[in-house]
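S.K.: This is what each chain is made of:
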Amino acid sequence: MIREFSLNDLVFLLEALRWTVLLALVAAVGGGLLGLLVAILRTLAFRPANWLALSYINLVQGTPLLGQLFVFFFGLPLLGVNVDAWVAASISLSIYASAFLGEIWRGSLQSVSSRQWEAGASLGLTYMQRLTHVILPQAIRISIAPTVGFLVQLVKNTSLAALIGFVELTRASQIITAATFAPLTVYGIAAVLYFVVCFSLSQLSQRLERKYHAPR
Amino acid sequence: MPLVDLADVHKSFGAVPVLKGISLTLEKGEIVAVIGRSGSGKSTMLRCINGLELVQSGRIVVDGIELTAPGADLNALRARAGMVFQSYNLFPHLSVERNVMLALKLVRKMSTEDARSLAHAMVAKVGLADKLSAFPDELSGGQQQRVAIARSLAMQPTLMLFDEITSALDPELVGEVLRVLESVAEEGMTMMLVTHEMNFARNVADRVIFMHEGRIHEDGPARETLSAPRTDELKSFLSAVLH
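Quick note, the sequences are listed as chains W and B, same order. To convert, note that position 27 of the first sequence is 27 in this note's numbering; the numbers rise steadily by one, no gaps. To convert, note that position 183 of the second sequence is 183 in this note's numbering; the numbers rise steadily by one, no gaps.
Treat the hints with care, as some may be off.
Partial selection, computed: residues in chain W whose CB lies under 7 Å from chain B [stated by the list, open to error]:
| id | residue |
| --- | --- |
| 1 | S111 |
| 2 | R115 |
| 3 | E118 |
| 4 | S122 |
| 5 | L123 |
| 6 | G124 |
| 7 | V134 |
Calculated directly from the structure, the hints in this document are not laboratory data. Quick reminder that beta carbons are idealized off the backbone N, C-alpha and C, glycines included.
With the hints as extra help, turn the sequences into a complete structure.
M.R.: Following this line, the structure appears as structure tokens:
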């Protein structure tokens, strides 16, 4: 039964967009917390920790996100753990994000000159004071653009969750296309919706950079 | 008791020995210029005195604190021994005022108002009262270095270490920094400076230490040592730097 694309379909897409944004948000927060741990383990003056973090990063960055999604969605049930698409997508996107955010933040931390550590030390600042008052404010400024850039990627990558049946924007588009047979209209609208979300993020990044005088 | 006391200090970077048994004492109020070729260990020695470099053997006592003792409170020492670097090392994300205030608040535990008024006084002293709200990247090299000096002086240290602080400056900016150094010297501050400014060493320092291949090669009153070097190494070094 082929029907016309209607206002109801648009509402359905907008509702699905909600899940796209929510999934990206969960992955950003979960991946952010886990990424912080990765960055710390990667910079700690303790070889086994560095090695562990680096292996994790290589494993996650070196395998396709789709494969990771499948591992959690189809693999966990084999171990007797039943997960629905939402949980599997949240976990695998968080892990995916943590490997990239961890490396972005490590790079930002290490790009602050060691002379800044020394300048703080020479004034009698403790290690934690040097980190929080001298290094982090500079590292955060450096990390704004690449972090937001990655979050834009993350928003678009949530579309892979469609392949395990999670009804976000892309899966919703597939469903409506099957019913209306108007792929150009449906996917066109989906593309515009993705663009609106991603463009807003980029704008936010530029505003943050201006606010924190990024070049300084 | 001398303010700085180094006894047979050895330091190497990996397999490369940099300091090969340095012994020296520095009395309160002394102004010592450390000269020598690059790679002779001048800067490394200065950095060891501030605990920025750890030594392999020997003893370093500064202002009653033995740095080389296990568990020495390096932060307490550094709050008393100010250091100014060749590359200024101001905090780029903070204004001039806040650069000076930061350690006053965090280390000296001063209130914001007290820290601010002391910062204003110190910045005025180096002639930059009109730059308090400027950021480091808005200042010339000479101005940045004067702020760095103010930032260290504000901590009211008992000793100031200057590591080639005019070497990165354009020639026309060297004078303004040296004038600030002279005024600090006139106030009786104990100073140790690694420098290539021989005229400054001659006119302002009480004493000159010439380092050569990781050792103190000559050590004596500034004018005599520079005008009548006892060793061939210092002679050839002076003729090289004075043309």
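S.K.: Identify whether the interface hint at W/R115 stands, where standing means a beta carbon of chain B within less than 7 Å of its own.
M.R.: Since chain B brings a Cβ to about 5 Å from W/R115, closer than 7 Å, the hint holds.
S.K.: Does the CB of W/G124 sit less than 7 Å away from some CB of chain B?
M.R.: With a closest approach of 3 Å, the W/G124 hint holds.
S.K.: Any CB of chain B closer than 7 Å to the CB of W/S122?
M.R.: holds (4 Å)
S.K.: Using 7 Å as the Cβ threshold, decide whether W/V134 counts as touching chain B.
M.R.: holds (6 Å)
S.K.: Given a cut of 7 Å on the nearest C-beta pair, is the interface hint for W/L123 held or broken against chain B?
M.R.: Because about 4 Å separates W/L123 from the closest Cβ in chain B, which is inside the 7 Å limit, the hint holds.
S.K.: For the hint on W/E118, just tell me whether its beta-carbon gets within less than 7 Å of chain B.
M.R.: Since chain B brings a Cβ to about 6 Å from W/E118, closer than 7 Å, the hint holds.
S.K.: Does W/S111 pass the interface hint, meaning its C-beta sits closer than 7 Å to a C-beta of chain B?
M.R.: Hint on W/S111: violated, closest Cβ of chain B at ~12 Å, above 7 Å.
Hint 1 from the list above is the single one not met by this structure.
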